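Peer 1: The lines below spell out each chain.
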Amino acid sequence: MIDRMSAWPRRRVLAGMVGATAALGAPAILRAAPSGKPVRVGGTLSLTGFLAQTAVIHKIAAEIMVEEINGRNGFLGRPVEYVLLDDQSKPEVARSLYEKLITVDKVDLIQGPYATAPILAAMGVAQRYGKVIIQSSMGIPKMQTYDMAFPATPFGPEPQKTYPNVILDAMASLPTPPKTIVILTSKFPSAQFMAQGMREESGKRGVNVVLYLEYESGNRDFGAIAARVKEANADFLWVGSLGLESNQLLEALRKLDYTPKNSFHLYPAPGPLALSPDGKNALCSTFLEPAEPFMSRPGVARQAAAYKERATKANLPYAIIDAQAAGMISEWQILEAGVNGAKSLEDKAIAAFLKKNTVDTIYGTLRFDGLYNHGNAEQLIKQVQGGEWKVVWPTKYAAPGVKLIGS
Amino acid sequence: MTNANGLPKLAAVLGIAVFAILPTAGLPAFYESFFYLVFFWVSLSTSWALLSGFAGYFSLGHAAFFGVGMYTTATLTTKFEVPFLATIPAAAALAALLGIGIGAVVFRVRRLRGELFALLTLAVTFVIATIILNTPIDGGAGVFMISVPMPAIMSSQTGTIYVLGFAMCVLTLAIAWWVAHSRLGMGLFAIHDDEDVAEAKGVPTFRYKIVAFALSAGIAGAVGGIHAMYVGFLTVGGTFELTVPLYVVLMSVLGGSRHWFGPAVGATVITALLYAFISGGEAMIGRALVGAILIIAILWLPDGVVPAVQKWLRRQRVAGAGASATAMPAELVPVELAPTKPVGQRNILEARTVTKRFGGLQALDGVDLDVREGEILGLVGPNGSGKTTLINVISGHFPLTSGTIAVDGVQIGHLPAHEIAGRGVARTYQIPRPFANMTVLDNVTLAATFGGPARPAAEMRDEAVHWIGFTGLAGKEAALPAELNLHERKFLELARALAARPKLLLLDEVLSGLNPAEIDNAIRLVRAIRAQGATIVFVEHLMRAVVELSDRVAVLNEGKLFALGAPRDVMRDPRVISIYLGKAYAA
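Keeping their order, the protein sequence lines are chains A and B.
Residue numbering for the first sequence follows the working numbering, starting at 1 and increasing by one per position.
Residue numbering for the second sequence follows the working numbering, starting at 408 and increasing by one per position.
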């Protein structure tokens with residue numbers, strides 16, 4: 001039984017590798033070029049407004065994937081056309097544009113937007129019109145109540161329970177595991193959601209929460225918060241931060257001559273934190289980094305190179321593929337697998353296929369048969385080491401020679 | 408003429424009918440959503456204009472009232488299971504109460520106007536957002552409304568939202584139209600141009616601003632309540648973001664924030680422009696282009712699209728009517744003198760130990776003064792003697808420090824200026840202060856409406872026309888004050904004061920700045936006014952006019968009543984000559 005179970009994935013992986021090699025290695029002339037009326041896939045991204053800086057990452061990733069898919073067989077032999085609209089970072093605009101895509105433009109399929117509020121707005125429209133919607137950036141899975149909505153990022157159905165334990169497992173592996181923790185979080189829904197889970201799971205595992213603080217999203221002055229963190233002087237600092245908040249907090253702590261013993265940052269700006277001296281040994285959540293073993297997954301090296309080239313050309317400050325770009329790549333991989341698997345552009349058929357099958361993505365093999373259509377939780381931990389992000393936990397995802405560094 | 412007037416009404420009825428039946432036309436849902444968003448912005452920007460456009464209290468805090476409405480509906484529906492529709496009045500009421508509460512404090516402080524009011528309303532937004540963020544109302548997690556049932560007004564959810572947005576929009580525009588064409592609107596427009604003068608002309612400025620604030624905030628709250636259901640997931644950051652008031656301001660200014668329909672035009676244009684550039688490939692260029700269009704439009708049409716169109720149409724009409732319709736300059740001899748009535752023995756004004764201090768400065772120091780019915784009392788004195796201050800305390804512009812003032816036997820010393828105006832006291836200003844954005848006719852009609860006895864609107868307009876003619880401004884009815892010369896603006900001041908049918912008319916240096924011919928004309932005019940039965944107190948430096956016009960002269964010096972008596976006696980008084988010209992002349 002054990003042999004048969006282990007043999008099956010091996011065969012599948014081998015078959016997949018052979019297939020991928022054949023597809024990618026064969027001369028273009030031998031591949032079936034998609035033809036006929038394009039399959040139109042509609043979606044919005046926040047190309048203007050306050051989410052624009054992140055949405056452009058998704059746009060680049062989507063363009064790479066559309067070219068990649070059209071370089072193969074398109075969807076069912078037809079070329080894929082991405083009908084991308086700008087939702088201006090406003091959920092009400094996102095809602096109206098998905099209605100436009102479905103009822104006016106009459107696209108064949110849709111892709112999800114970026115960020116929780118636009119996703120929820122789009123999800124309502126998808127539900128009313130029975131469309132499959134795949135999204136990669138909704139950090140609160142329980143809000144995904146529509147049965148034809150699928151996550152492209154492996155948060156798992158209850159990340160507020162699972163991910164804190166990944167972090168606490170990593171901390172427990174240190175020579176001197178933390179006994180006390182300070183939890184700070186932005187009052188941003190998905191960050192706050194994770195912080196509350198962290199507080200609960202820390203308590204269950206006997207790590208004493210000596211300070212729990214929430215600050216307003218967009219806060220820039222961390223002086224008073226830093227003073228309280230220093231006063232608490234816990235073994236571990238967990239920060240539910242967004243963007244540059246982590247840099248600002250660590251800078252405020254430095255001004256107080258205080259360096260946290262160990263610190264974790266939920267959704268920081270990866271480039272600035274890695275490059276800042278304050279970010280030394282900082283920990284962060286991730287699903288993928290451009291290193292082994294991730295680069296060995298089929299297509300990832302090529303996608304990472306393409307992303308770097310285009311992101312550099314677009315003058316993005318951090319032109320390295322990470323979980324944001326990977327999320328959009330995963331969305332398209334899932335849609336492609338759904339269409340091919342169902343051999344149909346019918347949403348119900350695609351949804352049915354996805355619920356019953358796994359899909360190989362940039363994040364590894366994902367499944368959608370759990371609560372809220374989620375599969376396994378695959379959140380990882382990366383750490384700034386030598387000015388670069390390195391995946392350190394779980395250890396099986398760490399590159400050779402890379403280890404978690406504690407205080 | 409009747410047909411031309413009926414055309415807009417017919418267009419409005421047809422427009423309402425077409426939009427009302429649109430959801431039954433089987434159009435794709437996107438159009439319902441798009442029009443809903445147009446209605447949303449029309450309602451929001453029009454509600455902003457009710458206070459900020461009409462009354463000139465520029466607010467950057469509209470997101471606060473809109474947000475209170477959104478969270479009222481979200482809280483009542485998700486936590487207390489109140490049916491969605493029942494939450495809309497609650498959303499409106501709560502937002503209106505917030506507006507009234509803020510107004511009740513802020514509108515009492517004279518210095519909180521202009522940019523200070525804008526900043527204060529912005530601060531209120533942050534305070535409200537902080538409260539909602541840090542309480543169970545939101546707490547940071549957001550409010551997800553997916554489980555709230557939508558009433559089945561129409562067969563589809565988008566159809567129902569459309570109908571609600573449309574109804575709100577029609578209601579908002581109806582309110583805006585009514586306000587703009589009512590006594591309230593006239594008062595608000597006057598407040599916009601010069602609040603102190605509006606108060607002195609009888610406009611109950613505090614009450615009107617509170618009403619406008621309540622209407623503005625209440626509509627924004629109701630709009631927010633409906634929009635909560637449209638958005639479905641509320642976050643504090645998304646609800647109270649600065650783009651809401653900025654869009655609202657931009658839309659109102661573009662369309663014309665002083666016109667009831669201006670914000671609707673601006674909102675429609677901007678929403679349509681934003682949807683014209685939604686393609687992913689042109690998003691940034693599109694936004695830049697929209698910005699450029701708006702900048703150009705605002706630079707070229709500073710008053711907004713609707714007033715600009717109205718102005719153009721007016722010019723076209725005038726051109727069509729030919730040169731005969733061109734207004735002629737004001738006649739210099741406007742009136743024929745009626746026989747002067749004798750001065751009565753009854754006192755119209757009784758001032759007793761009137762004192763006014765500004766910090767350490769004693770502007771008036773125990774002034775006792777009676778003015779008799781039908782009398783012209785000249786009020787003279789050197790600069791800084793307290794003449795204008797006395798006019799200001801009698802008219803209520805400054806509150807009394809101590810003492811009493813009675814008009815026709817009624818104590819008015821501690822009444823607000825608009826109530827004093829209502830009791831028959833009218834005044835003019837040394838430097839004319841007409842309502843700059845109102846025509847000559849509207850300026851005078853406002854004074855008749857708020858200062859004089861209650862009459863039908865048409866009668867007040869007729870009265871305004873009469874006084875405009877009386878002061879020699881016939882033919883200038885449609886002109887704006889900026890189109891008048893100084894002489895005409897001074898006479899406009901007089902026309903406004905006369906239109907209130909005052910018992911007591913306070914004229915503050917009405918002759919200053921006029922040439923000799925204009926002075927002679929003005930003197931005749933003042934006599935004519937007195938001949939109508941008015942009692943006049945006039946502050947003047949021109950001694951010839953004082954002697955010619957006054958029955959008695961009161962001299963103020965250093966805030967005290969220095970001399971009082973017949974003009975020639977007072978002017979010969981060595982003490983008076985001394986304070987005017989120095990002791991050498993007095994000797």
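Simulated from the structure, these hints should not be mistaken for lab results.
Since the model is a prediction, treat every value here as computed from it, not as a measurement.
Cβ atoms here follow ideal geometry from the backbone N, Cα and C, with glycine treated the same way.
Among the hints, erroneous ones may be present.
Stated by the list, open to error - Stretch-level coverage of chain A by chain B, calculated; a stretch enters the list once three of its residues show a Cβ under 8 Å from a Cβ in chain B: (1) 94-102; (2) 115-128; (3) 187-200; (4) 306-320.
Unchecked claim - Computed footprint of chain A on chain B; a stretch qualifies when at least three of its residues, placed anywhere within it, have a C-beta under 8 Å from a C-beta of chain A: (5) 543-554; (6) 752-761.
Peer 1: Hints first: check each against the structure and report whether it holds.
Peer 2: Okay, the hints, checked on the actual structure:
no. : hint    : result
1   : 94-102  : holds (count 6)
2   : 115-128 : holds (count 6)
3   : 187-200 : holds (count 5)
4   : 306-320 : violated (count 0)
5   : 543-554 : holds (count 6)
6   : 752-761 : violated (count 0)
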